[in-house]
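*Asks:* Residues per chain are reported as follows:
2 protein chains.
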Amino acid sequence: MALNKKPYRGCRDFYPENMRIREYLFDQMKNSAHLFGYEPYDGPLLEEVELYKAKSGEELINDQIYSFTDRGERFVAIRPEMTPTLARMVANIHRQESKPIRWYSIPNLMRYEKPQRGRVREHWQFNVDIFGAAEGKGELEILSLIRDFLKSFGADHSMFSIRINDRMIVDHLMNQLLKLDEDSSYKLYKIIDRASKVTTEKLNQMIDEIITDSSAKSILNQYLGLDSFAAIKTFIKENNIPAESFLNIVSGAEELELLNYLEYDPAIVRGLDYYTGLVFEIFDKHPDNKRAIAGGGAYANLLKIFNEEPLGGIGFGLGDVTLKDFLESHGLLGDFSKKNCDLFVVTTEEEHELSVIKLANELRTLGCKTEAQLEKLKFNKIFKLAEQKGFSHVAMIESKDNSPQVQLRDLKTREIQYFSLEQAKDILKAIKG
Amino acid sequence: MALNKKPYRGCRDFYPENMRIREYLFDQMKNSAHLFGYEPYDGPLLEEVELYKAKSGEELINDQIYSFTDRGERFVAIRPEMTPTLARMVANIHRQESKPIRWYSIPNLMRYEKPQRGRVREHWQFNVDIFGAAEGKGELEILSLIRDFLKSFGADHSMFSIRINDRMIVDHLMNQLLKLDEDSSYKLYKIIDRASKVTTEKLNQMIDEIITDSSAKSILNQYLGLDSFAAIKTFIKENNIPAESFLNIVSGAEELELLNYLEYDPAIVRGLDYYTGLVFEIFDKHPDNKRAIAGGGAYANLLKIFNEEPLGGIGFGLGDVTLKDFLESHGLLGDFSKKNCDLFVVTTEEEHELSVIKLANELRTLGCKTEAQLEKLKFNKIFKLAEQKGFSHVAMIESKDNSPQVQLRDLKTREIQYFSLEQAKDILKAIKG
Chain A
1 MALNKKPYRG
11 CRDFYPENMR
21 IREYLFDQMK
31 NSAHLFGYEP
41 YDGPLLEEVE
51 LYKAKSGEEL
61 INDQIYSFTD
71 RGERFVAIRP
81 EMTPTLARMV
91 ANIHRQESKP
101 IRWYSIPNLM
111 RYEKPQRGRV
121 REHWQFNVDI
131 FGAAEGKGEL
141 EILSLIRDFL
151 KSFGADHSMF
161 SIRINDRMIV
171 DHLMNQLLKL
181 DEDSSYKLYK
191 IIDRASKVTT
201 EKLNQMIDEI
211 ITDSSAKSIL
221 NQYLGLDSFA
231 AIKTFIKENN
241 IPAESFLNIV
251 SGAEELELLN
261 YLEYDPAIVR
271 GLDYYTGLVF
281 EIFDKHPDNK
291 RAIAGGGAYA
301 NLLKIFNEEP
311 LGGIGFGLGD
321 VTLKDFLESH
331 GLLGDFSKKN
341 CDLFVVTTEE
351 EHELSVIKLA
361 NELRTLGCKT
371 EAQLEKLKFN
381 KIFKLAEQKG
391 FSHVAMIESK
401 DNSPQVQLRD
411 LKTREIQYFS
421 LEQAKDILKA
431 IKG
Chain B
1 MALNKKPYRG
11 CRDFYPENMR
21 IREYLFDQMK
31 NSAHLFGYEP
41 YDGPLLEEVE
51 LYKAKSGEEL
61 INDQIYSFTD
71 RGERFVAIRP
81 EMTPTLARMV
91 ANIHRQESKP
101 IRWYSIPNLM
111 RYEKPQRGRV
121 REHWQFNVDI
131 FGAAEGKGEL
141 EILSLIRDFL
151 KSFGADHSMF
161 SIRINDRMIV
171 DHLMNQLLKL
181 DEDSSYKLYK
191 IIDRASKVTT
201 EKLNQMIDEI
211 ITDSSAKSIL
221 NQYLGLDSFA
231 AIKTFIKENN
241 IPAESFLNIV
251 SGAEELELLN
261 YLEYDPAIVR
271 GLDYYTGLVF
281 EIFDKHPDNK
291 RAIAGGGAYA
301 NLLKIFNEEP
311 LGGIGFGLGD
321 VTLKDFLESH
331 GLLGDFSKKN
341 CDLFVVTTEE
351 EHELSVIKLA
361 NELRTLGCKT
371 EAQLEKLKFN
381 KIFKLAEQKG
391 FSHVAMIESK
401 DNSPQVQLRD
411 LKTREIQYFS
421 LEQAKDILKA
431 IKG
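So the sequence lines, in the order shown, correspond to chains A and B.
Position one of the first sequence corresponds to residue 1 (our numbering), numbered consecutively onward.
Position one of the second sequence corresponds to residue 1 (our numbering), numbered consecutively onward.
Read the hints as simulated data drawn from the structure, not as lab findings.
Keep in mind that the hints are not guaranteed to be accurate.
Said to hold, decoys possible - Chain B is faced by these chain A residues, among others (derived, beta-carbon under 8 Å):
| no. | residue |
| --- | --- |
| 1 | Gly-43 |
| 2 | Leu-140 |
| 3 | Asn-361 |
| 4 | Leu-374 |
Built from N, CA and C at the ideal position, the CB exists for glycine as well.
Bound-form chain A, shown alone (with noise of 0.2 Å):
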């Protein structure tokens, strides 16, 4: 019986030009997280499901995740997300450490999805997190690396926006000027976040199965429409609503001149525990594609389900999967077919091959990236390879007067130049410059 040769249902295999791609975006996620001073961390596969359930609730946790029972009577699952772990973590360490905190990790994540396009089971995130910033200033920080890391592509804000809204907001909608109990909160929330994947129609009647008083509704509906930043500072003044932090990020952000990323949008109100301030979602403003990137928020209170006291943070969850459509939708993604190597050396007669992987050797220890042809090849199928390959340089060591010489082809310019195999310096140069 022959095996399965398909990946496991909903994960990738990552051949090498994929693999490529990944670790581009990987390297991109790394260098904007080092431009704004953030240290890199990571923890393990397994947590205990309770680490979870603290943070996201049964529901989550039933619904989504990979959990088992591992040989020791513990109830353990493979990471669903990063933010528990990153929660128990700087609950270990944060009273000894200088703030603000600034961490980031690219982390595999496995959830328990039906496979769509944009969706599969394992993926990478890219969490960027800070603690115990100056109010305001972590929100201007974090908003600021979103851009920068996007802009690090070639992005501008005519393909994405960052759409905000506050969670002092919405809750200040809901308990004052809607005078919801805990539980229609709950499932206003859930509506709102919904909004925008249903018809007109089908948001007014879910809306109708919540809120009956009629100065009420029309309060909301006035909220659903507010459009931009002009419209939501009226709004928070003509109501009264203690939305202080969220005006002075605005301006802040005016201040940046990162206003013409942000989009004000109250139908962002994310999960209903967790966020506490401000929070966003990173939008692809291309036609095909019109999706969230990312999110994240401000949140007060993770580290309560340790007992410890509050440590306010700011953070978001970007994947590699909707990156990648993001850029590709773009045109932002280079070409990733052929791998990066410097030289291909060869020989056509067998008596050189040794030579081949000797000069080769000499060429690494020079920090030059070179693929050693391991067994001679026929004249006319050396440049052939070497092109299909995606070589610029290949080095062919033949005998000349009954001693070898290494003939090295630039297969653009068509140029040919002769070296001893002791010029390994010398070959590099030529290529380099």
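Start from chain A and add chain B according to the hints.
*Replies:* Just chain B, lined up with the frame of chain A:
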């Protein structure tokens, strides 16, 4: 009830210092692989248990894997090793790829180990494999790569050796010279594998249980006493062992100046299945850490489980834990306690807090790794904090004649220079020269 703040048993939390070390190890792995023209790949975290059983048999599988049944009734496992995934992926593409295929990966793997020094449940493993190379040449390339990889950390042949043997020799010994049946061969393989870990007395006792014939016993003892390439060469000649490929590898290694990194070791046999030619283990020579850092070898039948035609390969796996222990034993790990950042931007005045972020953002677009202090600091705290964080330069925004200026301090030379807020480029020049 407060939650547990420890990581899952046998797994590691990577706080920034340890994560920087891990990233350094991974970067060296990638560099070495790229220098030899190896391409990156990766596969899913989960594979069906059938795949692992097909490669390694029931025993390893039942004892050591994290397996469970998913919601779709698939019996799956968190990958305990990369080779079965590699085999599956190569089986998919080998027919249309030009040979040799050169691939590497650095996956996280999980085994249900009892945690102890050098053994953890989750680790990362540098996997390097070449398929379809000319006979004996792939071995030489892989051995060169291992040597260069460890040399890239500053290690030399006083610190490690690659102990080699060949399965053709061991198989000939078992079948032809000792005339053992399959079952006894299997037992003897296990005994030889453990030879270095038991006393001579215990070893002889174990051997006595399998071999009773005294001339056979004498041959085995002679074999186990072979301690040099000269000795094994004589043994091969005297016993007519068909080991030409092994002898070619040794003479090739001599020509490539690899031989001072190699030792012949009759006790290196590796697992019974799987390997078919050269086998090797990399040993740490440090008296406190005499251990195998990594192992590998040549295998001919990896694709058999997929009913594919044979494709010979050579490869090795090297774990992050054993590598780190090796480097630490020899003092080859540098200082990773400080973050890698160029500049600390601060102010003592609240009115300049936003300017700190703005200047930092501008410096970042120029490629300067910049940490912004988001809240004003007292003057006498700034430089202490900057030194503690490991910065070489501080840019402090301050009021001068009612307008802001930037005071740039070199913390080593104590030199001070002044700039306007618009001179980000000049500031960068002053730092980087």
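*Asks:* Hint by hint, say whether it matches the structure.
*Replies:* Going through the hints against the structure:
With a cut of 8 Å, the hint placing Gly-43 (chain A) at the interface with chain B holds, because the nearest CB-to-CB distance is about 5 Å. At a threshold of 8 Å, the smallest CB-CB gap from Leu-140 (chain A) to chain B is about 6 Å, leaving the interface hint in force. Interface hint status for Asn-361 (chain A): upheld, as the beta-carbon distance to the closest one in chain B is roughly 5 Å, under 8 Å. At about 4 Å, the closest approach between the beta carbon of Leu-374 (chain A) and any beta carbon in chain B falls short of 8 Å, and the interface hint on this residue holds.
In terms of the numbered hints stated before, the structure departs from none.
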